[in-house]
Structure formats: C-alpha cells, structure tokens
Amino acid sequence: MLLIGIDPGLGTTGWGVIAVHGNRISHIANGQISTDPKAKLPQRLVTLDAVLTDLLLTHKPDHGAVEEVFVNANPQSTLKLGQARGVALLALARSGLDVGEYAARLVKKAVVGVGNAEKAQVHAMVSRLLPGVKIAGPDAADALAVAITHAHHLASARALSRI
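Counting with our numbering, you get residues 3 to 165 for the letters of the sequence shown.
It is possible that some hints are incorrect.
As the list claims (entries may be wrong) - Below are the DSSO-like pairs computed for lysine-lysine, each with C-alpha atoms no more than 27 angstroms apart in a straight line:
id, residue 1, residue 2
1, Lys111, Lys121
2, Lys121, Lys136
3, Lys42, Lys82
4, Lys82, Lys111
5, Lys62, Lys40
6, Lys136, Lys62
7, Lys82, Lys121
8, Lys42, Lys111
Because the hints were derived from the structure by calculation, they are not lab data.
Based on the provided sequences and hints, a complete structural model is requested.
Right, dumping it as structure tokens:
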C-alpha cells in the first residue's frame, strides 16, 4: 500500500510518499512544491494543484493524509494556508483517495513521542524511521511524518476491526 502525506503551505508545500508492508514502512519519494511569491493567489493555487495532480498520477497512492491548519497570529496567513490546504484536499479527493487529516501536535506525538517537538526532532525521527532517506527539506520531513502517522492510524484501525 502506498501513502502520500502533505504538509500544506502557500509558499512551500511538502509531500512524501511511503510504502507500507504490514508493520514495515519504506520511503518512496519526497519533495517540496514552491510557488512564486510574486504571482497572484489564484495562480499560486493553480500551480500547487497542477504539481500535486502530477505527483498523484506518478505515484498512484492508495491513501492520502493532510496536516490540519493551525491558527497563527496573522489572520491573512491563516486564510492563505487554509486555501493551500483546500487545494491539497481537493487534489487527493479528486483522485478518489480517502483522506486522513491530522493536527500538527498529533503528528509530532505519533512520530517523536511529544506533541510539542521541534521541526529538527521531527526530521531526525523521520530519518530514523526511514533509513537512508534524503529529505528534501523541513516541509518534506513534516509531510513524511504525516504519512507515517496515517500509516499507524490505518494499522490500528485494521487491528481493531479484527477484534
């Protein structure tokens, strides 16, 4: 089973694809999608959608997961983040995927063990869980962490369904 995790952002959206074989996970690919800060918002969203659509067609994941929006001090930034997240959700849903959504604190707790982990800690644990991976940047590390979290939740759901 292939999973794609997405850490949405208007400036940079991280993505990561992992394979799940029973309780084992392995790295397939990861990267970051950057949009032109000088472009108008609609064009930036179109760019994000086009690249995500290409990634979904290339990797053909079975499941997807997206990090939930956090509220920050700047309402404009929160709205733009929400719009980028909406594009990510749309791209996954349009591909026919069931989509998991996870709060950043839950992702950090699932991967690092504490909900207030720093980005460097998430990066380090993702590297440990996916030996040999070359992570494209902090947003890609977060996206891989989202995918790993989703893999754990799917495994738990399968185990519970057998009871």
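Each hint tested on the structure:
| no. | hint | verdict |
| --- | --- | --- |
| 1 | Lys111 - Lys121 | 12 angstroms, holds |
| 2 | Lys121 - Lys136 | 16 angstroms, holds |
| 3 | Lys42 - Lys82 | 12 angstroms, holds |
| 4 | Lys82 - Lys111 | 26 angstroms, holds |
| 5 | Lys62 - Lys40 | 32 angstroms, violated |
| 6 | Lys136 - Lys62 | 21 angstroms, holds |
| 7 | Lys82 - Lys121 | 21 angstroms, holds |
| 8 | Lys42 - Lys111 | 36 angstroms, violated |
Figure legend: structure checked against the earlier numbered hints; hints not met, in rising order: 5, 8.
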